[in-house]
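Engineer: Take a look at the letters that make up each chain.
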Amino acid sequence: MLPKQTPDRLPSHPTQEIDRSVSVTFNFNGRTVHAYSGDTLASALYSSGVRIYTRSFKYHRPRGLLCSAGRCPNCMMTVNGIPNVRTCSVLVEEGMVVKQQNAWPSTEHDLFSILDRMDRFLPVGFYYKIFHRPKQLWNIVGPIVRRMAGLGYVQTRVVEENNYSHETRHVDVLVVGGGASGMSAALSASRRGKQVMLVDDQQLLGGRLRFDGNLYDGIPGVTSDVGYEIADNLSKLVTRNRNIEVMLGTTAFGLYEGNLIGLIQGRSKVKLRSGKVILATGIYEQPSIFDRNDLPGVMLSTAIQRLIHLKGIIPGRSAVVSTCDDQGYRSALDMLKAGIRIVAIIDSRERFPNELLAARELQENGVLVLMSHMLIRAEGTKHVVGAAASRLSDGHATTEEREFDCDLIAMSGGFQPADSLLRQAGCELSYNKSIDRMVASPMPDKLYAVGRVIGNDNLGKSIVHARSVGSGVAEVKSADNALSTPANFMHESQDLTEIKNCTAPSPIDLSQGAKQFVCFCEDVTARDIVRGIDEGFEDIETLKRYTTSTMGPCQGKMCHKHFANIRAKSLDNVDSAVYTTARPPVTPIPLGALAAQVHTPIKRTPLDRKHRELGAKMIELGPWYRPHTYTSSSNECLSVRNTVGIIDVSTLGKLEVVGQDAKTLLDKVYTGNFSTLKKGQIRYGILCSEDGTILDDGTVTRISEDRYFVTTTTGNIDVIEEWFKWWTVGTGLCAHITNVTSSYASINVAGPMARDTLRKLTKIDLSSDSFRYMWSRRGMVAGVQTLFLRIGFVGETGWELHFPAEYAEHMWESIMDAGKEYQITPFGVEAQRILRLEKKHLIVNQDTDAVSTPLSGDMAWAVKFDKDDFIGRSSLISARDSGYSEKLIGFNMKGSEVPEDGSPIVSENLPVGRVTSSRRSPITGQGFGLVWVPADMAEEGKVVHVRVGGENLPAELTFIPAYDPDGIKLRE
Amino acid sequence: MAFLLNCPNCGERNVGEFRFGGELKVRPEPNSSRDAWTDYIYFHRNVAGDQSEWWYHSFGCRKWMVALRNTVTNEVKDVLFPEDVS
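Read top to bottom, the protein sequences are chains A and B. So in this note's numbering, spot 434 of the first sequence is number 434, and the numbers just go up one at a time. So in this note's numbering, spot 66 of the second sequence is number 66, and the numbers just go up one at a time.
There could be a bad hint or two in this list.
Restricting the straight-line Cα-Cα distance to at most 20 Å, the calculated cross-link-like pairs of lysine to any residue (SDA-like) are [what the hints assert, rightly or not]:
{"no.": "1", "chain 1": "A", "residue 1": "K867", "chain 2": "B", "residue 2": "N6"}
{"no.": "2", "chain 1": "A", "residue 1": "K725", "chain 2": "A", "residue 2": "V740"}
{"no.": "3", "chain 1": "A", "residue 1": "K271", "chain 2": "B", "residue 2": "M1"}
{"no.": "4", "chain 1": "B", "residue 1": "K25", "chain 2": "A", "residue 2": "D691"}
{"no.": "5", "chain 1": "A", "residue 1": "K678", "chain 2": "A", "residue 2": "V700"}
{"no.": "6", "chain 1": "B", "residue 1": "K77", "chain 2": "B", "residue 2": "M1"}
{"no.": "7", "chain 1": "A", "residue 1": "K725", "chain 2": "B", "residue 2": "G22"}
{"no.": "8", "chain 1": "A", "residue 1": "K725", "chain 2": "B", "residue 2": "K25"}
{"no.": "9", "chain 1": "B", "residue 1": "K63", "chain 2": "A", "residue 2": "N716"}
{"no.": "10", "chain 1": "A", "residue 1": "K725", "chain 2": "B", "residue 2": "W54"}
{"no.": "11", "chain 1": "A", "residue 1": "K839", "chain 2": "A", "residue 2": "Y773"}
{"no.": "12", "chain 1": "A", "residue 1": "K446", "chain 2": "B", "residue 2": "N74"}
{"no.": "13", "chain 1": "A", "residue 1": "K725", "chain 2": "B", "residue 2": "T71"}
{"no.": "14", "chain 1": "A", "residue 1": "K725", "chain 2": "B", "residue 2": "M1"}
{"no.": "15", "chain 1": "A", "residue 1": "K446", "chain 2": "B", "residue 2": "G11"}
{"no.": "16", "chain 1": "B", "residue 1": "K63", "chain 2": "A", "residue 2": "D691"}
{"no.": "17", "chain 1": "B", "residue 1": "K77", "chain 2": "A", "residue 2": "Y256"}
{"no.": "18", "chain 1": "B", "residue 1": "K77", "chain 2": "B", "residue 2": "P8"}
{"no.": "19", "chain 1": "A", "residue 1": "K867", "chain 2": "A", "residue 2": "D881"}
{"no.": "20", "chain 1": "A", "residue 1": "K725", "chain 2": "B", "residue 2": "N9"}
{"no.": "21", "chain 1": "A", "residue 1": "K942", "chain 2": "A", "residue 2": "S917"}
{"no.": "22", "chain 1": "A", "residue 1": "K864", "chain 2": "B", "residue 2": "G22"}
{"no.": "23", "chain 1": "A", "residue 1": "K725", "chain 2": "B", "residue 2": "H57"}
{"no.": "24", "chain 1": "B", "residue 1": "K63", "chain 2": "A", "residue 2": "S917"}
{"no.": "25", "chain 1": "A", "residue 1": "K271", "chain 2": "A", "residue 2": "S675"}
{"no.": "26", "chain 1": "B", "residue 1": "K25", "chain 2": "A", "residue 2": "V700"}
{"no.": "27", "chain 1": "A", "residue 1": "K867", "chain 2": "A", "residue 2": "S675"}
Stretch-level coverage of chain B by chain A, calculated; a stretch enters the list once three of its residues show a Cβ under 8 Å from a Cβ in chain A [claimed, not checked]:
{"no.": "28", "segment": "35 to 41"}
{"no.": "29", "segment": "48 to 60"}
FYI, nobody ran anything at the bench for these hints, they're computed from the structure. For clarity, every value in this text was computed on a predicted model and none was experimentally measured. Ideal placement from N, C-alpha and C gives every residue a C-beta, glycine not left out.
In isolation and in its complexed conformation, chain B is listed as follows (with noise of 0.2 Å):
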């Protein structure tokens, strides 16, 4: 892995400043069934195309962000504070 991304704090920068947080997911209500639990937990959608995902630039400022990128061409369409995401 080699593509940048483009942090919303620090600017394009090498992918090794960051750390990957995995997909974005809805957490369950608190006693949702063991089945959802269980679905959030250990179960990805792991899809091959474009997806959103957590990132934390661990050698930067600090922050996490969330990517829109493709999984297959790592192509990086935006990244943005989670406050931003509309």
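Just chain A, with the same shape it has in the complex (with noise of 0.2 Å):
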């Protein structure tokens, strides 16, 4: 069917939010639809004709509007690409693709319809008991069904682009929901100077007030009282004040600590910290269960209301409304002032509101009202034609039945309260029978609630209470919460029994008919979850999981008081409607909203451009960029060990330890003893967790009495510096640590010439007899004040330079410059990293993990046993008494293959062992490196096997480092 273009609207009126004067068209299945400005897609759909929208998640069942505010499942479609959008709450754009999803080869024809006889082969929770069997059919059935049932498609095809932005944002106040109550608890607030933000998830302030013509006598200073010239007087308040930041098509989806609120608006995400939230979020209209409840024609009463008021839709010719209370009477008297013939009014209740000015009024317009009857079944295959009542007794429908032509179905089936974010927040709920809903009990802190969302229902009290409390949150300090306690304001704002006997329970009855559905998301039944109870799952939760019900993109907006209730009653005990958890998000989000752009900080040491001049080729190590190689790594490790290397090491981490009890801070701290440095000597240093294990090692240089120059692992200098202050401040040293890991670059000078090139620098004798290994000086070098250290992390003659981090480049070219006669040679970490192998020097996290000791690392002489104290002493003890299994030692492969890092140390075809480091040796063409061992094989020249591309290739163990192995090149 080609939906026709039918423009006959309603006369212009002020409760509508449509222009006119400016046409718009978008693009609906190939097919170009006029709209005009204002109109949400869903509204030009449904004025060009279109009625049906989806097809269900399971059956396949045609769906037309239900809700027209933004919550049921049944209006979604694919817009611009982008899958399951609530096609009634997007304004109309210029230009716009809309596509309808889960239906082939049209929604208007849709053969996977078939499934919707298959019904009783798909009970509830079919997937768990069907198919299973042989084994394999699942696998050949769970993609089909998977294919059928569903929403629409990410096309995963485009790469979409990130393109979310996101915010963090801080409000004194943040009200959530637009109407009423909301406008006015905003504006009470700001009125005390409070900075207040205001949301709504409709496009327009005003809430259901937009689409009210009620006349609301004495609410004391608004100047209309017609509902919705207050709710406009209400707006233009609120727009006007520079204290209040509306934020509109905007869902707060989540409630999180510390007042914690997720906002989305289109595609900005803000995390916005709020002093105080006011949630003013209203009720939900629930359908009523009946047989073929989901027909396109079957809405929600508010629904037709807001296609009358909002957009001049006239939905339908001639309508049966089905009502529990008096809601149903004020949208039938809406649509019967828009021209529609009112069949029949179905009331559940028994006897005739007769206070109620608009059912008086519909009675004098001879309008059939049937109490204490219930509406059992619309007719109709694509939408409605009929419908079919039956009178009530005890509750159930008796035989006497009247059926009714017509093509609009009205229901109202009661409300529930928006209350996601107050029962994420931790509410209790209770079910209060006079106004047949879920009542909030005490808030928790700076956390309020205003309006109908908490039972006020009266706006005259509902707009004076909320007043209260906006400008009650402006003033009170936290903690004083009594203005939102229910039990303090309820009762004196509001009389609950004066609205008793309006409303009733909406009657259930399960006999009449298989297709009462109740959560039109996942398209369960009223006898789905009766079967559910049946089959065993009685509990909220569970019943919940094995029907999926309140589980679709409604997130039980439309139907988690109706599947509280028939549970309730199935099991025979009303008061035990409780609710399920509720958490974020409030509404289906897009995933890219949630997730957080990519920003990884890189670190650039003060030479960074003088390694890429040199084109060095860069890599990530932990949060820094370092030089891997320059030329080649062979020929960078040969130029150190025959001539002179130049290295950047400003990445290195550094302390400066300074305070009368600096030296006791170090010794305990450490494993070894620092407090009998001599002035200007260095040590190596272990560092341990209490358990004994390596936190991390490096050079401790003692400056003076009370300074310490330390060096940590390059990506350890956070945890370090952490650590150094928690045993600071735990055992009240005099002690304070300062990270001057920028403010210093450092350069290590290494090879048999470094004296020569350094010496040209510097007026520091650097001869071995006068500045020897381990040793500290400070002068100028190059005209630059240096800390020297000389020590040999690569195993040569060398010294670490560290000067401020401004003369970076100059120290750099100084060097290279100095050294040139002798071709010095900038070597990269992967020259560093198998020149210290050859020296048998471990890397910390490389060569050790979460389990390493000092002991089983090999360096016992580095822990000091017979101080009194240090961090893992106890554990060390019990570690060297006991013994422990593994060991770390070196190696030599036997053949010419390298192993990786990571290769297991097999014997007997089990892994025993592995290795942490190997490389190719440039002195011996072999591969060698650092392996861990079961600690009885950990034998000098034992042979043991390394696992190499499903080969076990031998290798002998040695704890002698391959270069220079008693340090007589160090001390040269």
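Put the two chains together into one complex, using the hints given.
Structural biologist: Here it is as structure tokens:
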């Protein structure tokens, strides 16, 4: 069927949000649809004759507009390539491309609707029960079921940029819900000088009053008494108020600890911290439960009011109204005034609501009202053509049936508070019989609620209460939450008996047909729920998971109440109508909105430009960008061994430890002795956790009596700074820890010609007699105040120079110039790794892991058990006395293969150890490195087998470093 | 976790700026029994309720502080520098 353009709408009216002077066109399933500016996609489609919007999740039943307020799943389409967009919440824009989904060949004629006839083979939880024998069957059926069930498809081929914006905001007060109560609360709070944010998921402020033409007398401080005019007045005040920021079309999807609220508005997500939060979220109208209550043409009574008043659409010609409270009458009167014939009003209550103006007016117009009746069935296959009602007796339908012709059914099955955020905040709800609704009990700190969400249905009283809450939150200090404790305000602001008898629970009679839908999202019927209970899923949480009721896109907005009621009824315990746990998000939101953008902060050393000029191949190491190689690692290694090399080691963590207790602190955190260091002396140290495992290593230099210079492993500086500070405050020592990592640039010059190179730049006597290995000096180098450390990670005569980072390039150039005649060569991390491996110097976290201790790591010499105390001493004593299972040792491959880092050591075809570092030696040309083996295997000269590419290759273990085992070169 | 910690130096901040340092414990004397050390290193009281615990403001002032927090509700009752803990 090709929908015709039917431009006939109601005459203009102040409630209408469409601008008839601006016409907009968009593409729908390849066809052009005309709309007015201010139309939603759904209203424009309705106006152009579309009735079937979607096909249902499981049975592929035709579905039309249901809530028209962005809550239910019935109008979801693919808009501009984005699936599952609720078309009733999206305003039309020129050129939009809209496609229907989950149907083949079309939503109008969906062949998959054959599933609807097969419902007896697809009972609740069918995927747990059938198609599982033989076992392989599900492998075939599963993908088909998945393909046939469901919603729209994400276009996986188009890699969408993460073009969601992410923002973090702070306000004094957040008001969720822009109805009369929410606006009143926002206004009061802002008048007390608070910065207020007001959010609403609709495109305009006003809430339900936008389509309410009723008269409200005697509301103080409001200049009008017509519903929509009150909304308009308030919204003008709000919009003009500079202390209120209004965000429309915005969903508050989650309320987290500390009043952190997630907001989503189109493609921007806001993480909002709000001092106080006022919830004015209102209520959701619920469907009635009758056979085929999902047919297109069956709508919530408020949805019809929205179409009439907001869009000027006449939704049908003749209507049957099913209601259990006064709402049905209000909607019926609106329809009557819009020219729709009201065939009958089916009210489940016993007494006609005489006091209700709308009811009397309908009666005067001769509208048929059937009290003590319920709607039992809608007639039609693709659209409503009629309805059947039955007299009620003891809450059950009798055989006294009446049938009606109609093309529209308005249903009002009661209301449910929009309480997801309240419940997320941990608020408990209890059932209030007189208003047939769950009501929230005491609020958490700094959270308040106003309006109908907490059962405050009287507009005047609700506005007054909202004002007092608004000004209250602006004044009251935290912890005083008396304002929003329902016990305190509800009875003074509203007498609940006032509306007693105006509402009765919507009747449900399970015998009235198989297609009484409760959960529209997941195609769960009332019968499915009862069947689930019969199968033993009594608990509401398990029943929810088994039936998947409330778990669809609407997250229970259309079904929670009936779901809980049917369960309570089947268990013969109406008071046990408990709800399921509420969790964020309130509404489905795209993952892109939640995924943070990837911002990896890369640290560059002050010599970064030099490395690039030299054409270095850079790699990421922890947070740093470092040169991997400049030419080739073997070349660079040979230069260091034969002449002189230069490497940027600015990434080393550097700490200054100063204070009268600095020495005590270092003795405590390191396994070695540092109080005994002489001024200028350097010592290698190992830091352990209290359980004796290695935390870090590095050098400690005593600068003066109360000042030490400490280096740490590159990636560990933050952890070690934290660690030192913790032990300082924990012990009350007088020591100050300053992280100077980026204050100093650091360069290591190493090799036989290092002394000759540096000698040109400084007056410090670098001869080995005066400047010995593991000693430091301070002095000028190339005109820059420098700390010299004579240490040798790479195993050569060498100095580590630390100097103000600002001079890094000058220093580098000066040393390069001075070393030119010795063919000074910059070397990268790779060469450094090979050189240190030849010296059997380990790298923490490369060669050690979370259980390595200095003892098993073959560094017992660095642990001074004779000290009274140090961190890890007790655990290391235990390890020393009871032994340890693994040991770190060097290896040399017998053949030419070089195992990769991490290769296993195998014994009798079982892995017993692992290689931690492995390289090809530039000296021997063979593989060598470090390996963890069982302690009893760790013997000098023992042959073990390394698994390389499926083969077990022999390697010889050794404790002796490959290069300069006695450290003669270091001391030269 | 999204609660706020009131850093005595920087004011109220998102908990994400801090690193948790575990519950407050008394370190045994160096020559205590092995059992005492094992208890200290490997066992925690892990209370469900008010707990005194360490926090480090790693993305702020980089100072250690002690917080009194209810581990069930995440209500933070007090945050102090260690020297101010009475």
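Engineer: Does each hint fit the structure? Answer for all of them.
Structural biologist: So, going through the hints one by one against the coordinates:
| no. | hint | in the structure |
| --- | --- | --- |
| 1 | A/K867 / B/N6 | violated, 39 Å |
| 2 | A/K725 / A/V740 | holds, 14 Å |
| 3 | A/K271 / B/M1 | holds, 14 Å |
| 4 | B/K25 / A/D691 | holds, 15 Å |
| 5 | A/K678 / A/V700 | holds, 11 Å |
| 6 | B/K77 / B/M1 | holds, 16 Å |
| 7 | A/K725 / B/G22 | holds, 15 Å |
| 8 | A/K725 / B/K25 | holds, 16 Å |
| 9 | B/K63 / A/N716 | holds, 17 Å |
| 10 | A/K725 / B/W54 | holds, 12 Å |
| 11 | A/K839 / A/Y773 | holds, 16 Å |
| 12 | A/K446 / B/N74 | holds, 15 Å |
| 13 | A/K725 / B/T71 | violated, 25 Å |
| 14 | A/K725 / B/M1 | violated, 25 Å |
| 15 | A/K446 / B/G11 | holds, 18 Å |
| 16 | B/K63 / A/D691 | violated, 24 Å |
| 17 | B/K77 / A/Y256 | holds, 18 Å |
| 18 | B/K77 / B/P8 | holds, 13 Å |
| 19 | A/K867 / A/D881 | holds, 17 Å |
| 20 | A/K725 / B/N9 | holds, 16 Å |
| 21 | A/K942 / A/S917 | holds, 19 Å |
| 22 | A/K864 / B/G22 | violated, 28 Å |
| 23 | A/K725 / B/H57 | holds, 12 Å |
| 24 | B/K63 / A/S917 | violated, 36 Å |
| 25 | A/K271 / A/S675 | violated, 50 Å |
| 26 | B/K25 / A/V700 | violated, 29 Å |
| 27 | A/K867 / A/S675 | holds, 11 Å |
| 28 | 35 to 41 | holds (count 3) |
| 29 | 48 to 60 | holds (count 3) |
When held up to the earlier numbered hints, the structure conflicts with 1, 13, 14, 16, 22, 24, 25 and 26 and fits the remainder.
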